[in-house]
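Q: Between the sequences and the hints, there should be enough to build the whole structure, so can you do that?
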Amino acid sequence: MAAPEFEIPKFKEHLEVPKIQEGSMAHIKSFISPQPTQEFLGYPWELGEDWKERALFKMGDLLGKYRSLRVFMDACVHCGACTDKCHYYLGSADPKNMPVARQELMRKVYRRYFTLPGKIAPWLVGAEDLTKETLADWYSYYHQCSECRRCSVYCPYGIDTAEVTMAGREILNYVGMGQKYSNEILGKVQKIGNNLGLPGPALEDTLAGLEEDIEADTGVPVKMPLDVQGAEILLVTPSADFFSEPHVESLIGYAKVFHAAGVSWTLSSHASEAGNFGLFNGNYETMRKVAMRIRDAALELGVKRIIVGECGHAWRVAYSFWNTLTGLGFDGKDPFSIELQQQLDHRYPQPMHICEYTWDLIQNNAIKLDPSANDDKVITYHDSCNVARGSRMGDEAGGQFTIPRNIIKAVANNFHDMAAETIGEGTFCCGGGGGLLTDDLIEVRVKGAYPRMNALNNVVQEEKVNFMATICAICKAQFTKVLPYYGFDRSMVGGVHQLVSAAIKLD
Amino acid sequence: MAIVNIAGKDVDVDEEGYLTNLADWNEDVAAYLAQEEKVEMTESHWEVVNFLREYYNEYQIAPAIRVLTKAIAKKLGPDKGNNKYLYELFPYGPAKQACKIAGLPKPTGCI
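Those sequence lines, one after another, are chains A and B. Here the first sequence stands for residues 1 to 507, numbered as in the working numbering. Here the second sequence stands for residues 1001 to 1111, numbered as in the working numbering.
Please keep in mind that the hints were generated in silico from the structure rather than gathered at the bench. Given the structure is predicted, the values throughout are model-derived calculations rather than measurements. No residue lacks a Cβ here, since even glycine has one placed at the ideal position from N, Cα and C. Be a bit skeptical, because a hint or two may be false.
As the list claims (entries may be wrong) - Reference listing, derived: stretches of chain B covered by chain A, where coverage requires no fewer than 3 residues with Cβ under 8 Å from a Cβ of chain A:
| id | region |
| --- | --- |
| 1 | 1054 to 1061 |
| 2 | 1065 to 1078 |
| 3 | 1090 to 1097 |
A: Take a look at the structure:
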């Protein structure tokens, strides 16, 4: 598709807060999910006559189910601390992309129907009726939030805007305004086993081809096992790792690491996807169904360990939600939860991130590395939002920041971080997370990438950085697409295990 | 959904211009889709498009980029078997743009 025309923000030495441009992003409308896709997920596909009752019913349902949502609706005092923290606001200048304003789209409806003052004197408390225009605004602006939670780091009340966005999208789905991109993916992962819709035979063929490539390249027969009963480790990774560049380079890296460690491992054709877009559209039951596939595969294959590949939100779901989605926290009496817990080897963290696994091996000198293999690169590291703010790694606070960097420093000689306020806990989203990685939102993605691109440009200028490593399939795909808009080469982005792959010495 | 008339035939396309029915594809349709994408079809483009269709017929999915680059390398030599060459042919991204011209569904996911 021919790229639409829009203005790309200019680089600055220090990021400036833009002057507001009201309505500058109001034209954004992601494609609506069609009937078959909606039906499969159990949602309507167009507004019915009772759309308003349905919307308010679902809102009440979510407010009752998630106490957090009610607190977030009530607690905001409009202090403004979040206003200049969102990458979409910084890149687009649309004031409705200030987190407080984006949430206010829901909060004004909440006040009108769920608080006493709003019911009797709406004009006094900024309460407004729910209209079709409001819904249209929700649809536009709740798809201009990547649920990255940067704003919540700076909120003195800890309001998590991502949860408001998730609730907004769940209500929209419930009235028949689903998003095509995320919902098609949620269909494919449940019907075929991965977000791409890559069927078993194609996966097998792709993996066989990669084995050939690695052997041709290194002379070592590194394997990519699929559906191996009784393997020690089940690796779940985003299906983009099988399909795309640069993703596949990291997949090759994981395989080399397992080979060098001499461990038995397998991929699963049933659970050939780590990603879980149920998180993005805010439906807990969908998220559970998608996560169940991984539990089923682990039980069926009888593995002792589950390791998650380079996927940001998958790691958040695995680390923070698997327990209550599909594990003992879901139902302590569930026989499958109990069976899986007995099956897994609890000398290791379950689940484990591939970076934790590799870093353990490096610390124990269990793999040999030649960092000079990456001497053509000057590397920086982009913290992916869901890893940075939604999970952890290792057994020390901040492990999710130090472990990937430690790996990079062990496999390469040249590393420079970007400015402190743009990494770690305060990392800027890539601009394509949370279900926005679709061509119909390219303007949102390019503008939302601006703060990250600006920080990258500074280290490119000052430190001659020529490679940005990351551990998320969305980040990799997003940067591959948007880097050229900012004058960079698309191959500047890649995975941490892409670097490991280059440096690891195989026997 | 929209219907476009290509060389006297009504063809269903989705909002992004991908064919709704794989069976509607023929070389005229491909030429039309390429024109919409501002891609001038040369023999090299056809090589890619034809390979995509063959692969899709066997596996019901477009080939992974590695599978594609390898197939091209075998046919046209190693200097063309890479991602850069594919981007030269299909600047908006080989996975999506080439699939569209080949009449295949749009690949989804984190790609």
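Q: Counting residues of the region 1090 to 1097 of chain B whose CB is closer than 8 Å to a CB in chain A, do you get three or more?
A: holds (count 5)
Q: At least three residues with a C-beta closer than 8 Å to a C-beta of chain A: is that true for the region 1054 to 1061 of chain B?
A: The restraint on the region 1054 to 1061 of chain B holds, since 3 of its residues have a Cβ under 8 Å from chain A and three suffice.
Q: For the region 1065 to 1078 of chain B, do at least 3 residues have a Cβ located nearer than 8 Å to some Cβ of chain A?
A: Per the Cβ count (4), the hint holds.
The structure meets every hint from the earlier list without exception.
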